[in-house]
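Number of protein chains: 2
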Amino acid sequence: MFEKIALIGIGLIGSSLARVIRREGLARHIAISTRRPETLKRAENLQLGDSYSTDARTAVRDADLIIVSVPVGASGTVAEEIAPALKKGAILTDVGSTKQSVVAQMSPFVPEGVHFIPGHPLAGTENSGPDAGFPDLFDNRWCIFTPLPDTDPLALEKLSTFWRRCGSNIDTMTPEHHDMTLAIVSHLPHIIAYNIVGTADDLANVTKSEVIKYSASGFRDFTRLAASDPTMWRDVCLHNKDAILEMLARFSEDLSSLQRAIRWGDGDKLFDLFTRTRAIRRSIIQAGQDIDVPDFGRQVVEHPEKK
Amino acid sequence: MFEKIALIGIGLIGSSLARVIRREGLARHIAISTRRPETLKRAENLQLGDSYSTDARTAVRDADLIIVSVPVGASGTVAEEIAPALKKGAILTDVGSTKQSVVAQMSPFVPEGVHFIPGHPLAGTENSGPDAGFPDLFDNRWCIFTPLPDTDPLALEKLSTFWRRCGSNIDTMTPEHHDMTLAIVSHLPHIIAYNIVGTADDLANVTKSEVIKYSASGFRDFTRLAASDPTMWRDVCLHNKDAILEMLARFSEDLSSLQRAIRWGDGDKLFDLFTRTRAIRRSIIQAGQDIDVPDFGRQVVEHPEKK
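Chains as they are written, first to last, in the numbering used here: chain A, 56 to 362; chain B, 56 to 362.
It should be emphasised that the hints constitute simulated quantities derived from the structure, not laboratory data.
Hints may contain errors.
One copy or two, either will do: identical chains are not told apart, so a pair holds if it fits within one copy or between any two.
[Stated by the list, open to error] In silico BS3-like pairs for lysine-lysine, Cα to Cα no more than 30 Å straight-line:
| hint | residue 1 | residue 2 |
| --- | --- | --- |
| 1 | 324 | 143 |
| 2 | 296 | 96 |
| 3 | 263 | 324 |
| 4 | 143 | 268 |
| 5 | 296 | 142 |
| 6 | 143 | 296 |
| 7 | 263 | 96 |
| 8 | 96 | 268 |
| 9 | 143 | 213 |
| 10 | 143 | 263 |
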């Protein structure tokens with residue numbers, strides 16, 4: 056599909072891309088660049104690409120598609136670094152979890168004739184680094200583009216085809232709407248998970264070993280999100296601040312109201328909320344966005360009839 | 056092990072008990088009682104027991120072991136109802152998620168010569184009702200007893216053996232410590248999950264269909280806990296109020312501090328918290344309390360090398 060694809064950053068997303076590009080034959084040449092020599096060496100040992108460089112500018116030379124997969128706070132620096140070497144007609148995209156900030160950071164450096172199309176594949180696990188990637192990561196997951204007013208429709212179509220061949224479904228929206236949507240479906244859940252795990256870690260009257268020992272009664276579900284890459288999530292918090300603060304305010308307001316219902320013994324109010332949220336779970340399963348087995352399928356469910 | 060076991064309540068826990076008691080041959084006779092005739096009928100159709108009655112007093116007559124598996128708010132009513140029919144020497148236990156309240160509700164009704172041992176198997180899924188149960192539910196899960204000062208050690212040992220044969224590991228602690236520990240490992244996570252799902256449900260600028268569509272980016276993890284039985288969780292909130300309010304206060308305090316770090320762009324503070332929480336996840340996996348595969352094993356991880 057492309058002569059040369061340059062992957063800047065080779066963590067979970069970058070290395071998954073390398074693997075699926077190779078498997079699907081989407082490029083003749085995969086150039087890999089990352090700042091840290093140890094990570095680059097690891098990518099080379101895993102044979103993820105065809106050429107390797109700690110210098111992003113070297114990697115992007117002659118590339119038809121450049122995919123920047125770095126923590127969003129580094130987007131501007133990367134754009135500035137690679138700009139002089141970008142080929143005319145090349146497509147430049149990213150995978151960052153916040154879009155207004157990435158557009159603001161990268162746009163000023165994009166040369167005339169290069170198609171910059173901000174993107175965000177909604178895919179990931181709690182693991183990170185080149186070893187964590189796998190080629191099925193994007194299977195049936197959404198990839199959201201936030202095209203700019205002057206985005207070339209042909210370039211957008213070509214990039215969409217690329218992501219579809221990686222397994223994704225495509226959506227487009229404005230950067231603003233993306234950031235607001237992701238703040239509720241992704242950023243707030245991660246921040247809340249980090250927070251509750253931190254609260255549990257700080258207790259004195261219940262020991263840490265007890266928290267761990269009895270975690271299967273609910274707590275462990277939060278620890279997965281709270282094990283996500285700290286650098287990535289620090290940057291998300293710093294670069295989608297407004298939308299996140301808005302969602303945090305709503306969450307806290309709702310929590311105060313719930314807390315008041317608990318304090319005053321308002322059972323009806325609790326029952327109403329707990330019933331309403333159950334319906335959302337059903338919708339998510341119906342939409343094929345989670346599996347329909349108890350406990351995420353963590354345990355084997357065997358009915359006596361089947362024994 | 057027992058001549059007759061009476062199960063009062065035949066939801067997820069009660070019906071799982073019925074199945075494992077049958078499978079392991081732990082009783083000659085299983086008597087099942089539940090208030091709602093439809094639920095009782097369903098239990099009968101599933102052939103979960105040997106006798107069925109909507110009258111709990113009938114079910115417990117001559118029983119050597121009585122297990123009350125009802126929402127904690129109903130414990131006192133059930134105790135009052137069955138008390139006159141309890142056999143001398145019988146063991147009476149429960150499975151409630153809060154222990155101080157259950158002890159306070161049930162103790163006054165327990166006749167002389169009946170061994171009341173409050174218990175709580177830390178097991179469950181987001182599903183409820185007699186169809187949701189399965190005999191492996193208690194496998195390798197903790198069952199916590201909160202014995203009273205006058206609990207007979209022999210009765211406690213017999214009940215422990217019973218739960219071990221159901222698959223559980225046994226722990227004992229005071230009701231107070233149980234309620235504080237469960238408030239952090241189970242009650243707070245459920246309440247936070249209910250709250251965040253409620254917050255998402257109320258948004259106007261992001262549609263409900265978008266929340267569902269993009270839920271795999273984090274949100275869906277919370278919807279599982281938020282799909283738990285509303286009656287059970289209403290009662291937990293009302294009957295472990297003090298410990299829950301204490302944990303909510305700590306959580307909110309921590310969240311305010313985190314929110315401030317986001318507002319003021321304190322990246323170091325965010326990075327520190329996000330790194331610390333990652334270690335907890337590793338401890339939980341090392342302790343065998345969660346599986347060591349990304350995304351709870353929801354997706355198949357295939358490395359290209361294995362293809």
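Here's how the hints hold up against the structure:
no.	hint	verdict
1	324 to 143	neither (60 Å within a copy, 42 Å between copies)
2	296 to 96	neither (35 Å within a copy, 54 Å between copies)
3	263 to 324	between (33 Å within a copy, 21 Å between copies)
4	143 to 268	neither (58 Å within a copy, 36 Å between copies)
5	296 to 142	neither (34 Å within a copy, 64 Å between copies)
6	143 to 296	neither (34 Å within a copy, 65 Å between copies)
7	263 to 96	neither (37 Å within a copy, 44 Å between copies)
8	96 to 268	neither (38 Å within a copy, 38 Å between copies)
9	143 to 213	within (16 Å within a copy, 79 Å between copies)
10	143 to 263	neither (56 Å within a copy, 41 Å between copies)
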